[in-house]
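Student: Since chain W is already given, all that's left is putting chain H with the ligands on it; use the hints.
Protein chains in written order, with my numbering: chain W, 1 to 315; chain H, 1 to 315.
It should be emphasised that the hints constitute simulated quantities derived from the structure, not laboratory data. Certain hints may be false.
Because identical chains cannot be distinguished in the list, a pair is counted as satisfied if it fits within a single copy or across any two copies.
[Unchecked claim] Heads up, simulated DSS-like pairs for lysine-lysine below, C-alpha to C-alpha not over 27 Å straight-line:
(1) LYS286 - LYS43
(2) LYS114 - LYS201
(3) LYS143 - LYS259
(4) LYS43 - LYS146
(5) LYS201 - LYS28
(6) LYS166 - LYS236
(7) LYS289 - LYS201
(8) LYS297 - LYS21
(9) LYS166 - LYS43
Note that the structure is a prediction, hence the values are computed from the model and not measured.
Number of protein chains: 2
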Amino acid sequence: KESAPKTTPVTQVMPSWNAAKSKAEILKFIENVSEEGGEHYVKPGDRIAVFDNDGTLWAEQPVYFQAMYTLDRVRKMAPQHPDWKDKEPFKSVLAGDDNKALAQGEPALIEMVKATHSGMTTEEFSASVRQWIHTAKHPTSGKLLKQMVYQPMLEVLEVLRNNDFKTYIVSGGGIDFMRVFTEEVYGIPPEQVIGSSIEVKFEMRAGVPVIVREPKIGFIDDKEGKPIGIHTHIGKRPIAAFGNSDGDLQMLQWTAAGKGPSLCVYVHHTDAEREWAYDRDSHIGKLDKGLDEAKAKGWTVIDMKAEWKTIFPEK
Amino acid sequence: KESAPKTTPVTQVMPSWNAAKSKAEILKFIENVSEEGGEHYVKPGDRIAVFDNDGTLWAEQPVYFQAMYTLDRVRKMAPQHPDWKDKEPFKSVLAGDDNKALAQGEPALIEMVKATHSGMTTEEFSASVRQWIHTAKHPTSGKLLKQMVYQPMLEVLEVLRNNDFKTYIVSGGGIDFMRVFTEEVYGIPPEQVIGSSIEVKFEMRAGVPVIVREPKIGFIDDKEGKPIGIHTHIGKRPIAAFGNSDGDLQMLQWTAAGKGPSLCVYVHHTDAEREWAYDRDSHIGKLDKGLDEAKAKGWTVIDMKAEWKTIFPEK
Ligand SMILES: [Ca+2]
Ligand SMILES: [Ca+2]
Numbered sequence: 001k002e003s004a005p006k007t008t009p010v011t012q013v014m015p016s017w018n019a020a021k022s023k024a025e026i027l028k029f030i031e032n033v034s035e036e037g038g039e040h041y042v043k044p045g046d047r048i049a050v051f052d053n054d055g056t057l058w059a060e061q062p063v064y065f066q067a068m069y070t071l072d073r074v075r076k077m078a079p080q081h082p083d084w085k086d087k088e089p090f091k092s093v094l095a096g097d098d099n100k101a102l103a104q105g106e107p108a109l110i111e112m113v114k115a116t117h118s119g120m121t122t123e124e125f126s127a128s129v130r131q132w133i134h135t136a137k138h139p140t141s142g143k144l145l146k147q148m149v150y151q152p153m154l155e156v157l158e159v160l161r162n163n164d165f166k167t168y169i170v171s172g173g174g175i176d177f178m179r180v181f182t183e184e185v186y187g188i189p190p191e192q193v194i195g196s197s198i199e200v201k202f203e204m205r206a207g208v209p210v211i212v213r214e215p216k217i218g219f220i221d222d223k224e225g226k227p228i229g230i231h232t233h234i235g236k237r238p239i240a241a242f243g244n245s246d247g248d249l250q251m252l253q254w255t256a257a258g259k260g261p262s263l264c265v266y267v268h269h270t271d272a273e274r275e276w277a278y279d280r281d282s283h284i285g286k287l288d289k290g291l292d293e294a295k296a297k298g299w300t301v302i303d304m305k306a307e308w309k310t311i312f313p314e315k
Numbered sequence: 001k002e003s004a005p006k007t008t009p010v011t012q013v014m015p016s017w018n019a020a021k022s023k024a025e026i027l028k029f030i031e032n033v034s035e036e037g038g039e040h041y042v043k044p045g046d047r048i049a050v051f052d053n054d055g056t057l058w059a060e061q062p063v064y065f066q067a068m069y070t071l072d073r074v075r076k077m078a079p080q081h082p083d084w085k086d087k088e089p090f091k092s093v094l095a096g097d098d099n100k101a102l103a104q105g106e107p108a109l110i111e112m113v114k115a116t117h118s119g120m121t122t123e124e125f126s127a128s129v130r131q132w133i134h135t136a137k138h139p140t141s142g143k144l145l146k147q148m149v150y151q152p153m154l155e156v157l158e159v160l161r162n163n164d165f166k167t168y169i170v171s172g173g174g175i176d177f178m179r180v181f182t183e184e185v186y187g188i189p190p191e192q193v194i195g196s197s198i199e200v201k202f203e204m205r206a207g208v209p210v211i212v213r214e215p216k217i218g219f220i221d222d223k224e225g226k227p228i229g230i231h232t233h234i235g236k237r238p239i240a241a242f243g244n245s246d247g248d249l250q251m252l253q254w255t256a257a258g259k260g261p262s263l264c265v266y267v268h269h270t271d272a273e274r275e276w277a278y279d280r281d282s283h284i285g286k287l288d289k290g291l292d293e294a295k296a297k298g299w300t301v302i303d304m305k306a307e308w309k310t311i312f313p314e315k
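Okay, chain W solo, but in the shape it has when bound (with noise of 0.2 Å):
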């Protein structure tokens, strides 16, 4: 028999990754979903794969890079409000101690993503963003964060996509902040972006309509949150989805309940030397129960200092 026209040889494909099991797992998958007439084929609108973003797309540590906009953002927005040098946890923010701020715990980021990320228009808002992202660097790399992102990943939305795969982000990450570049860095358009969300408010400004971003959580696409999002925006079950901790897990499932074939897929930080390696005991990414029901269910787990030769992208 012979191959679909799109698709390339096995060798060229995926080629940051060695030979590995995670490798062959996911073409062997994207092979049977693929082929017409056989019995795992799945039509083309039915192809949705879901990826979340932090730790499974791009890097996470030492702080969700969403965490450092937050903390810039209360940097530059400071003169306008001159309480926030006696208030915590800007006021640590403003003395220098960024640590110190992140170590008040999620209530206290929550507490600044609310004031750093309302009381202006999604277009001025997406403005502050892209102005960001295209400067801001890491802090331990120095490289821009935007370049943290995993080539052996960006090789797997891509082999899926010429698969006729349509790839989602569902992310905890803010909608609003990642749509901004998930276009140029992982080629994933606005529609195809699904995250935590703030409220918001359509209103008319001197005969102009605008949207207004309100200091209230709105939706958090996280744990069970995940399915919801996908339910809501997608509206179909996922037949591949990705992630890289418990935060993923119910989303894990739910793929893997469809009728259907599935492909339910961990990216496991071991890589201490050219990443950073971590699982069951982090502060972020907590990798744990997932860990040990990927094992149970025989999901795929990539051991990403074995199976990834490179890990960043290379220019």
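Tutor: Leaving out everything else, chain H with the ligands in the frame of chain W:
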């Protein structure tokens, strides 16, 4: 200059339309945004067109078709709800007086929607709608409801898609209700349907993950909700918007306020003989402020009676 290879000659596109103002305006817009190098060119990824559903793509008289589904569900579920026979608006429905039930207004309808659209998984709900839509008939025409779509609008969807537009439904109707049939009826896949929703929760039932519908209204995709639904689901501003009532006005305003070219269209129900004639004083699909604004702004207003050769598909 040559026409783009995809473009069918104008005499063959939109064949159910008379060669009048609206057809010319729609085709001129498509030509402008598709002309590479032209001053109004829009790249394919940004060619987003949004369509209201009830009264824009299919009929909405004498009552919204989803209200018919709701009443049928009340009858079907009645044996499990003995209290309904003494409780309005259910009582009137079960006594065979649908009009009396509907005359109790929107709160009564919402009460019935909450009671009949919840308490089951998303898959059970879809199965119920799927079964219903294939047999439900219109009370006066006797046609299947899914044949009460506007043939001229199907042709607009087609010419837009042939010119690399992505077509979306943005409706006050239920998102999960519509998604069951929009692909078959309009060629619009579930992920391009935006609508009102009730709240859902994710849970594990005997190890199987399910999404369960709750008796609580979530998002209302009408009026100010339409630009918000568009922002949430698409994350881009449409360049073309089609509606038929004041409930679409904010969506059209949002579309018109984009930086580039835009097309705003109202379907005006002017044909009492072949369909229904209604606008400013209608109890359903009221078009009043919208009609004034369309005239003031020079938006396209389709005169159904004068401009449409046929209303419904022939077969
Ligand atoms: Ca993650
Ligand atoms: Ca309507």
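Student: Give a verdict on every hint.
Tutor: Against the structure, the hints come out as follows:
no., hint, result
1, LYS286 - LYS43, "neither (35 Å within a copy, 41 Å between copies)"
2, LYS114 - LYS201, "both (15 Å within a copy, 25 Å between copies)"
3, LYS143 - LYS259, "neither (43 Å within a copy, 34 Å between copies)"
4, LYS43 - LYS146, "between (33 Å within a copy, 24 Å between copies)"
5, LYS201 - LYS28, "neither (46 Å within a copy, 33 Å between copies)"
6, LYS166 - LYS236, "both (12 Å within a copy, 18 Å between copies)"
7, LYS289 - LYS201, "between (38 Å within a copy, 21 Å between copies)"
8, LYS297 - LYS21, "within (16 Å within a copy, 61 Å between copies)"
9, LYS166 - LYS43, "both (12 Å within a copy, 20 Å between copies)"
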